[in-house]
Amino acid sequence: GAGVSQSPSNKVTEKGKDVELRCDPISGHTALYWYRQRLGQGLEFLIYFQGNSAPDKSGLPSDRFSAERTGESVSTLTIQRTQQEDSAVYLCASSLIVGHTDTQYFGPGTRLTVL
Amino acid sequence: AQSVAQPEDQVNVAEGNPLTVKCTYSVSGNPYLFWYVQYPNRGLQFLLKYITGDNLVKGSYGFEAEFNKSQTSFHLKKPSALVSDSALYFCAVSALTGGSYIPTFGRGTSLIVHP
Chain A
131 GAGVSQSPSN
141 KVTEKGKDVE
151 LRCDPISGHT
161 ALYWYRQRLG
171 QGLEFLIYFQ
181 GNSAPDKSGL
191 PSDRFSAERT
201 GESVSTLTIQ
211 RTQQEDSAVY
221 LCASSLIVGH
231 TDTQYFGPGT
241 RLTVL
Chain B
18 AQSVAQPEDQ
28 VNVAEGNPLT
38 VKCTYSVSGN
48 PYLFWYVQYP
58 NRGLQFLLKY
68 ITGDNLVKGS
78 YGFEAEFNKS
88 QTSFHLKKPS
98 ALVSDSALYF
108 CAVSALTGGS
118 YIPTFGRGTS
128 LIVHP
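Protein chains in written order, with the numbering used here: chain A, 131 to 245; chain B, 18 to 132.
Honestly, the hints are just simulated from the structure, not real lab data. Each hint should be verified, as a subset may be incorrect.
Claimed, not checked - For lysine to aspartate or glutamate, the following DMTMM-like pairs were computed, each having C-alpha atoms within a straight-line distance of at most 25 Å:
#1 A:K147 - A:D232
#2 B:K39 - A:D232
#3 B:K94 - A:D232
#4 A:K145 - A:D193
#5 B:K66 - B:E81
#6 B:K86 - B:E32
#7 B:K66 - A:E174
#8 B:K94 - B:E32
#9 B:K94 - B:D26
#10 B:K39 - B:E25
#11 B:K66 - A:D232
#12 A:K145 - A:E202
#13 B:K39 - A:E174
#14 B:K75 - A:E198
#15 B:K86 - A:D232
#16 B:K86 - B:D26
#17 A:K147 - A:E202
#18 B:K66 - B:E25
#19 B:K86 - B:D71
#20 B:K39 - B:D26
#21 B:K66 - A:D186
#22 B:K39 - B:D71
Since this is a predicted model, take the numbers as computed values, not measurements.
The whole structure should be built from the sequences, with the hints applied where relevant.
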């Protein structure tokens, strides 16, 4: 079966514009994570969806960042009024079951460049 | 707060020699530990994880890691390195924090295997 997919693979935008990033998790995976990976840095947790429960938004860096997920399907990460410091690779991951022990499967990422 | 340290930005090893990529962690409670690998221009892939039980965990591609509770370490090892092992390696820890199990990733270690 297909893995986690993300689109677009690359996005270049101007400062102040809004961007929307998409993640298609593996079918049947109940958990979905968004991370940010800045150049030379580790993964920074952004948000976590767990089935139909309220998402854990504790990692979102500002109110310009938001994410949605419909059921156990596609998720979108929206960044409003982009800033240059938002430039990074945004990674999405999904896991089969809810739980801290489950393996995450990562998408290839979206490279965002804010000019 | 939980944290992960990968003290080496880069590890160089000759093909055929054993390799070690270091990881130490800090958590409250029982840790769940993971190693992921990121090959150039590809997404993160799961290598192995420690949940409970035997402290020596074997994973994909001949890698293994040893959980050492007293030293709070989870170093990644392989007896004989291959040039194709050259990649970026991330250690991650997950533990109950504020009611959820959000994983924390290290900054990554670049492994370079020389022919």
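Worksheet item: Of the hints given before, which are not true for this structure?
Response: Hints 1, 6, 12, 14, 17 not satisfied by this model.
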